[in-house]
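Peer 1: Listed here are the chains, written in short residue letters.
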Amino acid sequence: MTWLTLRQFRLSAISVAALLTVVAAVLVVVGRPIASPEPPGLTPDYSTYYYMAIIALYLLPAIIGAFWGAPMISREVENGTHRLVWNQSVTRTRWLLNKMGIGALAAVVAMGLLSVLVMWWSSPIDTIATENGPAGLPIAPMVFGARGVVPLAYAIFAFALGITASALLRRTVPAIAVTLVVFTAFQVMTLNLVRPNLIPPVRETHHFASGTSLFHYAGSESPYQLRVPDPTHSWVLEQQTVDRAGNPVQFPAWFGGCVFPDVSTDNLGARRTPETAEESVKRRDECFDRLNAEGYQQLVSHHPNSRFWALQGAESAFYLVLAALLAWFALRWTRRRIS
Amino acid sequence: MIEFYLDSGSGLSPYQQIVQQVRHALRLGLLREGDQMPKVKDVAAQLAINPNTVLKAYRELENTGLVSARPGVGTFVSATLPGVTPAVLGPLRRDLRRWIAKARLAGLDDEGITALIADTFRETTTEDIA
Amino acid sequence: MTAVLRARGLGKRYRQQWALSDCALDIPAGRVVGLVGPNGAGKSTLLSLAAGMNTPTTGEIEVCGGKPGSGPDQLAKVGFVAQDTPTYPGLTIAEHLRLGAALNPRWDAALARKRVERLGLDPKKRAGQLSGGQRAQLALTIGIAKRPELLLLDEPVAALDPLARRGFLQDLMETVAEQGVSVVLSSHLVTDVERVCDYLITLVSSRVVLAGDIEDLLAAHHRLTGPRRDPATLPADQHVITASHTDRQTTLLVRAESPIIDPAWTVGKVGLEDLVLAYLESPDAATPRPALEVLR
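Residue numbers (this note's numbering), protein chains in the order written: chain A, 2 to 340; chain B, 460 to 589; chain C, 454 to 749.
Check before you lean on any hint, since a few could be wrong.
Distance windows between CB atoms, simulated [what the hints assert, rightly or not]:
1. C:Arg461 x B:Leu575: 52 to 58 Å
2. C:Ala685 x B:Ile559: 45 to 51 Å
3. B:Thr584 x C:Thr686: 50 to 56 Å
Footprint (simulated), chain B over chain C, 3 or more residues, beta carbon under 8 Å [said to hold, decoys possible]:
4. 526 to 537
5. 615 to 624
6. 646 to 657
No wet-lab data here; the hints were simulated from the structure.
Note that beta-carbon positions come from the ideal geometry of N, C-alpha and C, so glycine has one too.
Full structure from sequences and hints, please.
Peer 2: Put into structure tokens, the structure is as follows:
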């Protein structure tokens, strides 16, 4: 059985190996980047390669799912060869388990090689990364998915997803399309809904201070928001103003008028004496003091960078469990429903 | 060794045709006592017919004592059928010729003649059986 | 005699459509069974169920003493060459044989190699480059070298030209003679299977209308011609399958277990093709009594 699996897998494996070779060649020829913590930190050329390498890490799982997983059963059904191979003395379950096992192993190897390569190339940047550059922190959403062990879990998940689509749809092209769409949807969903909550985020409350706190325009939904400085070395999820009782609020009604008195209190066309700079600063200080006095605070939830490995483990486990469920379903479906 | 053929227009089943061909071959001296019959497998493959059909024909030949099977060796012709010598055949053919000429004179065409022969032949064989 | 295939109340439904219904069969071992019927009558469904590719909707089926597709042992007992004789276009003939060897514990490598040699196929050639007949031969080779107890062939000769068809059937019969394997072979043409089969199953619109040993079936059916008369006046044990009338003459195809003695009839033999056609023409003739089963 293993012989057949390897024989059928040969071409797909060679294609991905060729792809990896190209990526490796490019990165080696370009050479590891020279980066400095002082702005600009990284030349535009290195920056391009840095982001391309991250994109490659996101693409490879999709490629594995679409081109290793999705054709696995559907191509057999399309050619009718499932009627040949499933009528030898090997059960469908064993046939599929063998293909899943070898494919998953290959996916881990391919993904591992690309990960190690990219992390080797990017390490001069990663070691000096801060939230202000020259590149994102490891915990930052985009970098997180391209570092550590999660790429391996993505690859296995995408592979299992491809096989499931293959078993359900029994046609290669739709299976590839569905695999790509669902995988992308999962990645977006994970980033927004799953990863922030895998571990309860750190929640801190801060008092306002006129020197550092901001009252800024944030878009049409809620035109103005209060903000305090983001914690450093963290992935900030949310800032929310709360009242004395801890209920989320926007900001007290008087605050807008306090900070921008000429906007809300004055009649149009009325003459005013312009404030001096000192007067303005003093008035703003008073506004923020009044906020603090009335018990308003800013709640900040975030994941500090030190949680990188904890989050990596949790997210990998999440994807691996999903992959296992998909694999179980695909096995069952293949055994019962395909003829 | 005898080689069989199948005639789909003969109206006989394949097994009957095999039996008949062996009998004909024995009568015409093409098969003699001691000759080996082709293997069942080879006949089945050559004619693309069911081996059971060949087996059945061979069994019938065996029952009538014309062939006998030697396990592990093959099937061999074990008897002969009385052939007809030209001396006997000649006069019979002459009689038949005379009769056909008479039938033509009576106005029968070729088809009428064969129909009459076949019909009469069938009649006499049923009488023989009855 | 042990049955190589046994079915009771077997049915298969695809969505709302019954592809096979209420099928009862006992196929004895060692036979070459012809499974005939028009396209869409349920032949492929029956074979798929026997191979374990499909699971029945109703009833049960037992093949070589086990549930089809139930495990590696059961799979080893049954060879299935599906319609259009699928092979891997990208794999060579040699690789197909290697596949067979890797996937079957009872694989007969020498037999497979010899067959390919005799067929004059180049082992290095990819299956995608073979003709329909060669592909059918390759698929049959894999089926045979697996050394099954029962070989199921779904329309194996449909796509073949007459020469390839003959070659295929010759090889099949040689295998039957050598290995004593039981065969069920489907076709929509009786003439394809007439020579090679000794047992016949006729399916019409998802039902078995005729099943039995071909000789017994032929012996039990007669063509009666005689002066015009109403078929209803026949004795009870003579069952009319088809009837046609002219002004003066009546022609009947009847099934009768005992000899026809009425002197008014001229009794004639019925050929297998005519017999099957009669049942295809009037499948309902079989329903008043359960499908004729003649077992030895």
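Peer 1: Take the hints in turn and mark each one as holding or not.
Peer 2: Comparing the hints with the structure gives:
For arginine 461 (chain C) paired with leucine 575 (chain B), a C-beta distance near 55 Å keeps the hint of 52 to 58 Å intact. A hinted range of 45 to 51 Å for the beta carbons of alanine 685 (chain C) and isoleucine 559 (chain B) is consistent with their spacing of about 47 Å. A beta carbon spacing of about 31 Å between threonine 584 (chain B) and threonine 686 (chain C) contradicts the range 50 to 56 Å that was offered as a hint. Under a criterion of three residues with beta carbons nearer than 8 Å to beta carbons of chain B, the stated coverage of the region 526 to 537 of chain C fails, only 0 such residues being counted.
With 4 residues having a Cβ less than 8 Å from any Cβ of chain B, the region 615 to 624 of chain C passes the three-residue criterion, so the hint holds. Here the region 646 to 657 of chain C counts 4 residues with a CB under 8 Å from a CB of chain B, which clears the bar of 3, and the coverage holds.
Hint compliance for this structure: hints 3, 4 are not met, and every other hint is.
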